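Colleague: Below are the chains, spelled out letter by letter.
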Amino acid sequence: MNSSVIILMILSVIRLSAPVFIAGVGNMFCERVGILNLGTEGMMVSGAFGAVLGSSLSGNPWVGVLCGILGGGLAAAIYGIICVEFGGTQAIAGLGLNMFCLGFTTFLCSAIFKSNISPNVANLNHSELLSGIPVLGSFLGQLSPLIFLMILVAAIAYMIIFKTSLGLRMRSVGDDPKAVETAGIDVWKVKYLGVLLCGIICGFAGAYMSLGQLDRFVMGMTNGKGMLAVIAVKMGRWNPLGIMGTALLLGVFDVIQLQLQLNHAVTVPPELVQTIPFIAGIVVLSFQQSGDERPSSLEKPYLKNKYKF
Amino acid sequence: MVYAVQMKQITKQFPKVLANDHVDFDVYQGEIHALVGENGAGKSTLMNILYGLYLPTAGEIVIKGESVRLGSALDAIRHGIGMVHQHFMLIPRLSVAENIVLGAESQTRKRGIFFDRQAAIQKVEAVSREYSLQIDAAAKVKNISLGMQQRVEILKTVYRGADIIILDEPTAVLTPQEIEELGEILKALKKMGKTVIIITHKIDEVMSFSDRVTVLRQGRKVGTIVTAEVDEKQITRMMVGKDIALGGHKETTAFVEDILTVRGVNLTGKQGKRILADINLSLKRGEIVGVSGIDGSGQTQLAEVISGVCRPDSGTVVYKGQDITRESISVRKDQGIAFIPQDRHKDGLVLPFSIQDNLVLGFQRRKEFCRGRSRINQEALKVYAAEKIKEYDIRTPSPLQPAETLSGGNQQKIIAARELSNGPELIVADQPTRGIDVGAIEFIHNILTERRNEGCGVLLVSLELDELMLLSDRIVVMNQGRIAGIVRPEETTREEIGLLMVGGTNVKDEGEGRDDEGKR
Amino acid sequence: MKVKGNGVDARRASSIMTPVVLVLLALAVAAVMILATGKNPVTAYSALFYGAFGSPAGIINTLNKAVPICFCAFAVSMSQKGGTFNIGVEGQLLMGASACTLAGIYLNGLPAVVHIPLALMAGMAVGLAWCLIPAVLYIKRGVSLLVIFLLMNSIAGFVLQYLVLDRFASGNALVPATEAVKDSAILPYLVRRPGKLSAAMIIAVICAAVLYYFYNKMVAGYEMRATGLNPNAAYTSGIDTKKYMFYSLVFGGMLAGLGGGLEILGNHHRLYTGFSPGYGYDGIPIAILSGGNPFIAIAGSILFGALRAGSINMRAMSGVSDEIVSVIQGLLILFVACQYIVKYFLNKLTVRKSPFTAFDIKKGGTHE
Numbered sequence: 153m154n155s156s157v158i159i160l161m162i163l164s165v166i167r168l169s170a171p172v173f174i175a176g177v178g179n180m181f182c183e184r185v186g187i188l189n190l191g192t193e194g195m196m197v198s199g200a201f202g203a204v205l206g207s208s209l210s211g212n213p214w215v216g217v218l219c220g221i222l223g224g225g226l227a228a229a230i231y232g233i234i235c236v237e238f239g240g241t242q243a244i245a246g247l248g249l250n251m252f253c254l255g256f257t258t259f260l261c262s263a264i265f266k267s268n269i270s271p272n273v274a275n276l277n278h279s280e281l282l283s284g285i286p287v288l289g290s291f292l293g294q295l296s297p298l299i300f301l302m303i304l305v306a307a308i309a310y311m312i313i314f315k316t317s318l319g320l321r322m323r324s325v326g327d328d329p330k331a332v333e334t335a336g337i338d339v340w341k342v343k344y345l346g347v348l349l350c351g352i353i354c355g356f357a358g359a360y361m362s363l364g365q366l367d368r369f370v371m372g373m374t375n376g377k378g379m380l381a382v383i384a385v386k387m388g389r390w391n392p393l394g395i396m397g398t399a400l401l402l403g404v405f406d407v408i409q410l411q412l413q414l415n416h417a418v419t420v421p422p423e424l425v426q427t428i429p430f431i432a433g434i435v436v437l438s439f440q441q442s443g444d445e446r447p448s449s450l451e452k453p454y455l456k457n458k459y460k461f
Numbered sequence: 002m003v004y005a006v007q008m009k010q011i012t013k014q015f016p017k018v019l020a021n022d023h024v025d026f027d028v029y030q031g032e033i034h035a036l037v038g039e040n041g042a043g044k045s046t047l048m049n050i051l052y053g054l055y056l057p058t059a060g061e062i063v064i065k066g067e068s069v070r071l072g073s074a075l076d077a078i079r080h081g082i083g084m085v086h087q088h089f090m091l092i093p094r095l096s097v098a099e100n101i102v103l104g105a106e107s108q109t110r111k112r113g114i115f116f117d118r119q120a121a122i123q124k125v126e127a128v129s130r131e132y133s134l135q136i137d138a139a140a141k142v143k144n145i146s147l148g149m150q151q152r153v154e155i156l157k158t159v160y161r162g163a164d165i166i167i168l169d170e171p172t173a174v175l176t177p178q179e180i181e182e183l184g185e186i187l188k189a190l191k192k193m194g195k196t197v198i199i200i201t202h203k204i205d206e207v208m209s210f211s212d213r214v215t216v217l218r219q220g221r222k223v224g225t226i227v228t229a230e231v232d233e234k235q236i237t238r239m240m241v242g243k244d245i246a247l248g249g250h251k252e253t254t255a256f257v258e259d260i261l262t263v264r265g266v267n268l269t270g271k272q273g274k275r276i277l278a279d280i281n282l283s284l285k286r287g288e289i290v291g292v293s294g295i296d297g298s299g300q301t302q303l304a305e306v307i308s309g310v311c312r313p314d315s316g317t318v319v320y321k322g323q324d325i326t327r328e329s330i331s332v333r334k335d336q337g338i339a340f341i342p343q344d345r346h347k348d349g350l351v352l353p354f355s356i357q358d359n360l361v362l363g364f365q366r367r368k369e370f371c372r373g374r375s376r377i378n379q380e381a382l383k384v385y386a387a388e389k390i391k392e393y394d395i396r397t398p399s400p401l402q403p404a405e406t407l408s409g410g411n412q413q414k415i416i417a418a419r420e421l422s423n424g425p426e427l428i429v430a431d432q433p434t435r436g437i438d439v440g441a442i443e444f445i446h447n448i449l450t451e452r453r454n455e456g457c458g459v460l461l462v463s464l465e466l467d468e469l470m471l472l473s474d475r476i477v478v479m480n481q482g483r484i485a486g487i488v489r490p491e492e493t494t495r496e497e498i499g500l501l502m503v504g505g506t507n508v509k510d511e512g513e514g515r516d517d518e519g520k521r
Numbered sequence: 027m028k029v030k031g032n033g034v035d036a037r038r039a040s041s042i043m044t045p046v047v048l049v050l051l052a053l054a055v056a057a058v059m060i061l062a063t064g065k066n067p068v069t070a071y072s073a074l075f076y077g078a079f080g081s082p083a084g085i086i087n088t089l090n091k092a093v094p095i096c097f098c099a100f101a102v103s104m105s106q107k108g109g110t111f112n113i114g115v116e117g118q119l120l121m122g123a124s125a126c127t128l129a130g131i132y133l134n135g136l137p138a139v140v141h142i143p144l145a146l147m148a149g150m151a152v153g154l155a156w157c158l159i160p161a162v163l164y165i166k167r168g169v170s171l172l173v174i175f176l177l178m179n180s181i182a183g184f185v186l187q188y189l190v191l192d193r194f195a196s197g198n199a200l201v202p203a204t205e206a207v208k209d210s211a212i213l214p215y216l217v218r219r220p221g222k223l224s225a226a227m228i229i230a231v232i233c234a235a236v237l238y239y240f241y242n243k244m245v246a247g248y249e250m251r252a253t254g255l256n257p258n259a260a261y262t263s264g265i266d267t268k269k270y271m272f273y274s275l276v277f278g279g280m281l282a283g284l285g286g287g288l289e290i291l292g293n294h295h296r297l298y299t300g301f302s303p304g305y306g307y308d309g310i311p312i313a314i315l316s317g318g319n320p321f322i323a324i325a326g327s328i329l330f331g332a333l334r335a336g337s338i339n340m341r342a343m344s345g346v347s348d349e350i351v352s353v354i355q356g357l358l359i360l361f362v363a364c365q366y367i368v369k370y371f372l373n374k375l376t377v378r379k380s381p382f383t384a385f386d387i388k389k390g391g392t393h394e
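Chains as they are written, first to last, in the working numbering: chain A, 153 to 461; chain B, 2 to 521; chain C, 27 to 394.
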């Protein structure tokens, strides 16, 4: 294979891993405060739709991205009320959020755009600004500017969770909310913050999918990426670096299966080839040693005294 | 005298329980005040209200003359109240310094939002020196001893500026020596002008530490007295309302047969941590062998190895002449081994199940409870449940009530009824009287000694040395997974046992070639 | 001081009221959304109801749609009884349906009375097998069951596509499907006009009875329930908890596979890629709402079946797109997730007077 094919493949890996990576980072905030988020898909699709809506109404893709972030945040607000305030069962609530957001975004799409697919809108598929850079310019220019933003967001997330006192509080809440409550901290505020951060980052991931990779909204376009993000958090040991590694790994498998589909020399049925990333996920999970980094109170609701009866 | 704390007519109504009933509680500035009562009297609830974790249903709280509303722990902390809980509120993964500054990190911040670890360590070490509370600021909490963890908890309170410090059952996990050290710490705090409230159900500590005592019983205050003016018996009577005789009724027995022999048992845990090391022990029919030691010395695991909950890495467990080391729990049950686990909620009962269903847990396949071999015989269960509820005095309106609605003492009686009614020959009881009311404790003591008199061997693990001294024929003292010594209650003292708990050895009992009475 | 409560009665009351309230809440919120898009929720809901129950054809349609959901709910309930959570029912349903269809197509010369049970057993076996790897990985290696099941569901979707579009495609250009099963594999019908209602519903009811008997009257059912409610206590009492956890998962897989098979043999008679619009995921909230009672699960499945059956009529009569059904289901699942809180609020509304003396509320605050 010549270098241009390799470059194309690297670009593909980056593009395919990006949503899983950044949604995983978002999810990390949620799980670090002890809340499992199976509703990542829902937050992402809300972001995807919000981004397209914003872009179509304003004509400016960056406004679209902001609207996407808002969309993810709204989904997170619902999730936060159910899981943080009301202490709901998180696994169920996540699945419910997915179903609700998927249905609601399609519902809105057909109500507003009269179809399950939105019209094309102003998008952010390429970074013209960077193509002027010597040597790397043509490579970097082909990536959406959102990708570079993602790296920035991930770096900030890393610093927040490991270097700030807020991050200390979040990690403590995820381990033992009772201990944190007796230290005089409002545990629920911290949990809300974790869920909201997750929502806006996942909304950003969705915005990338609709505006950064594509230029429209298609119903259900997140197509399982949200679940992969949940998996990436566990496999990445709740650390942005690990999450990036896992996302890239899954992205590599995704590219392999796409290549196999294109390359007709290999006669493997395309549908079965698509299962490769998922089987890879199962294999990795079965061999992973369970370590110490799991937040101890993950999935355990922490109910306010006033709701006990 | 100036009041540090005045709690007036405090009432706390939980959905199913009236925990505090118009309680008046006053504490003078600079005194050490003990709050006593048996389990379930409402002491912890009252102090949780003082610390802002619960809002009272009615009543008023006055701190240093000012009427306040304590809606959260932060409110309490702001008014100078600090609390050391019975189960430590520490994050194992974090360091001592991080745990102490958590909630007050603004004092240790770099450039506004970043957390400055070094500053935290330095500040914490400074406060530790000021109060002579020796800790290792950089160590991770999961790696330090329970005694140090308690000092960390106390430091947490003074770091946040507390001058009223509440300690909830602080001596539950300490050795006799550590209890003395705690006494010194409390006296030092008092000298520095702090007010100390100590919740406890142990009367001897009340006598040695406190200036005044308030007694609660069943949610109501019985009275407040000056410690120097009363004796233990009076306090007990106030706590319980009557004279209670603990310790059961042991009779002289003539059994000589060994029913259980443990030889060379070793158990290693995660990361090579030694849990049990070279345990050699024999138990006769008709005797109660107490197992003592600080929490975490391997007592629970010893009980689990004998009952079948876990398997040792090496060594043998011989019961009635047969090697049962690898046998399953259900086989051991059928052979007559009864097990009362340490944590009744986690391992002893299925709380949502009815009392009736809990009474057969583990025995559901017995012929008398089945129709055919696979169907439940509901009528037999009903009859059995009614019988046991009467026999064991389990207070409940109906056998169909879920077990979770019962008090701790009644729940423990369900487990006792279940395990001790099917002809056991060896009873393994792990802290059977922990956290239950005195009436239930009396009942359990009676039933254990009754079975002992009938010829059961009883292995009794307990953290309450008094209980072991009363009930045991012999006491095994464990330390860090080893048997440090085996003594007879009538031939030893609490101090000697305390020494054994922390690592002194009773030379008579180590190694091969000696039986566990120390004789060659 | 303990107070005698009427715990048992209060519990019963709230366990019947709660599902009803949850359903009404979901419908109410969706109604607001319908309003926001300018349509009339009353017309929409009446069209929905009429489409589902207003005619014999509608009722038959509803019952047909209820069947696969029902078996998935049974499967999820069983896993909950054993202390686990089987969200892989969608994949088990798909694979069970596939195996059953293939057995229905390619087994020759058998009379119906043999062919149907064999095909259904193939479906059950494959449904069980699809659950095996996740169950083993979970019990032996502590792998996250949730994640593995979700991955298996995705894989099942692709395998189904492969079978229908590739390996066993019937070549029909209009509708991607396999060939039809042999006549000997078609489930007998209870009713033929105005719509076809197969015997699958009867099998569902029989299953419910068997499950109910197992859970409540059999010792193994007792042991499974103990494992589910407190695996530690069950283990300490001598029960083989790993066995029951395993069974609760794989027999659930078997039930889901059966449901899938019945859906094909009783309804479609051939395999389509999209034959399940998410029946497995519908089963989850129903399992929870039913509180483990299989008969209530049947009732809940009929409700969801009604939603799906009536949605076409709703779109025709009121112009509201059938995505609203997903929205209603999503809302319902969200409310089910916080059903404890719903019980709390119901409790507050219904318990007016505290049975104890009223206290004066001074500076203590009252909202506890």
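To be clear, the hints were calculated from the coordinates, so they are not data collected in a lab. It should be emphasised that the depicted structure is a prediction, and the values quoted were computed from it without experimental measurement. Even for Gly, the Cβ is constructed at its ideal location relative to N, Cα and C. Treat each hint with caution, since some may be false.
Stated by the list, open to error - Not everything, but these chain A residues come out facing chain B in the computed CB check (under 7 Å):
hint	residue
1	S155
2	S156
3	S210
4	G211
5	W214
6	E237
7	K315
8	L320
9	S324
10	D327
11	A335
12	G336
13	I337
Colleague: With reference to the structure, classify each hint as holding or not holding.
Modeller: Each hint tested on the structure:
no.	hint	verdict
1	S155	violated (43 Å)
2	S156	violated (44 Å)
3	S210	violated (33 Å)
4	G211	violated (37 Å)
5	W214	violated (27 Å)
6	E237	violated (16 Å)
7	K315	holds (5 Å)
8	L320	holds (5 Å)
9	S324	holds (5 Å)
10	D327	holds (5 Å)
11	A335	holds (4 Å)
12	G336	holds (4 Å)
13	I337	holds (5 Å)
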